[in-house]
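S.K.: With chain L's structure known, arrange chain Y on it following the hints.
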Amino acid sequence: MTNAGGSRTISILKPGIRAPDFTLKSTPDQSVSLRDFRGRPVVIAFYPADWSPVCSDQMGLYAQVMPEFKKFNAEVLGISVDGIWTHLAFAKDRKLNFPLLSDFEPKGAVSRSYGAYEAHVGESARALFVVDARGSIAWSMLSPDGVNPGADGILSALERLERDAPRSKSA
Amino acid sequence: MTQQYQAPRLTVPVGARDHAEGPPGARVVLLEYGDYQCPYCGAAYPIVKRIQKHLGERLRFVFRNFPITNAHPQAQWAAEHAEASAAQGRFWQMHDYLYEHQDSLGDEAFFARFEQKLKLDLARLDREVAQHVHLDRIQEDFMSGVRSGVNGTPTFFINGVRYDGYPEFAPLVSALETAEKGSR
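From first to last, the protein sequence lines stand for chains L and Y. If you read the first sequence in the numbering used here, its first letter stands for residue 1, the second for the next number, and so on. If you read the second sequence in the numbering used here, its first letter stands for residue 1, the second for the next number, and so on.
Among the clues, some could well be false.
Stated by the list, open to error - Here chain Y is said to cover these stretches of chain L; the calculated rule only asks that three of the stretch's residues, wherever they fall, bring their Cβ under 8 Å from a Cβ of chain Y:
(1) 60 to 67
(2) 147 to 157
As the list claims (entries may be wrong) - Quick partial rundown of chain Y residues pointing at chain L, CB under 7 Å, derived from the structure:
(3) PRO39
(4) ASN70
(5) ALA71
(6) ARG147
(7) GLY149
(8) ASN151
It is worth saying that the hints were derived from the structure and are not from the lab. A virtual CB, placed ideally from N, CA and C, is assigned to each residue, including glycine.
Only chain L is shown next, with the shape it has when bound in the complex (with noise of 0.2 Å):
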């Protein structure tokens, strides 16, 4: 795996900082909003597109891991450029247990936000967020293009929240 040169060059969001709240569709007349999560702790996991070979196996590994997030009461919202319809079709493909959000128009609006755009490709960049529940970022990771970044990060940052607050698991 390597690394692309002279692309690399955007930086996304770093933790202790306010996550930008959005408002974003998940089905054609339903919106999810990151402040609805507020009190319990969101992973937001921004990727290119759906379809392509290792975002599915990203987005299948998260459904697969969904007890374990729900042992920290998380939530996990997955985004991409791509519209609604090939959401749904890619969800119900590979039997995803959590929204996908289309960060469709104005395009890529919400990924640029937090910092997580490659606007060479046009796409969300591989970018992997932990929000607390008070809607601060609590951990972020970027991903190199082609890797899968996992689980294992979302994981340890959920612990670390729930060891620095264990309270907020109740809120």
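M.R.: Leaving out everything else, chain Y in the frame of chain L:
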């Protein structure tokens, strides 16, 4: 902290609970997280066999379960059959047979014929699979993989460090021999 990407390491070291082939004292240990229904694991299976033959007693090979059940509906069934066979001392025979007959996964009668040939106690095996007796162990394997940076299958670790190269004979042997030299 914003974390920089780094190649993951095995969080649960190889130990007595693992299924292993090759001498315990081997200087190089190849560990695979695998899914019996995964076509890429099926493709890697003969390559691992070839590597084992090539390196002989220099290599210890370990297999852990990583069934991706939302994509592979027979993966857990297969893993449970392998673990139930392990409980009767026949893990590797069943492991190999599952990979050699991926097209027949889920076919109880087909695998029962082989289990009979292995002289397994079929009543016990069926009961353990039906009651998911070995599911906790499979889930332990899976989570140890997740915590070690396993994202898909097959994922290999060489002496505890994730191998990110191609799962082909030459690059794997080369990486194993490099690791072997490093552990002298």
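S.K.: Indicate, hint by hint, whether the structure satisfies it.
M.R.: Verification of the hints:
1. 60 to 67: Contact hint for the segment 60 to 67 of chain L vs chain Y: holds, 5 residues under 8 Å.
2. 147 to 157: It holds: at least three residues are needed, and the segment 147 to 157 of chain L offers 8 whose Cβ sits within less than 8 Å of chain Y.
3. PRO39: violated, 12 Å
4. ASN70: Result: holds, 4 Å to nearest chain L Cβ.
5. ALA71: holds, 6 Å
6. ARG147: holds, 5 Å
7. GLY149: holds, 5 Å
8. ASN151: holds, 4 Å
Taken one by one, the earlier hints fail for this structure only at number 3.
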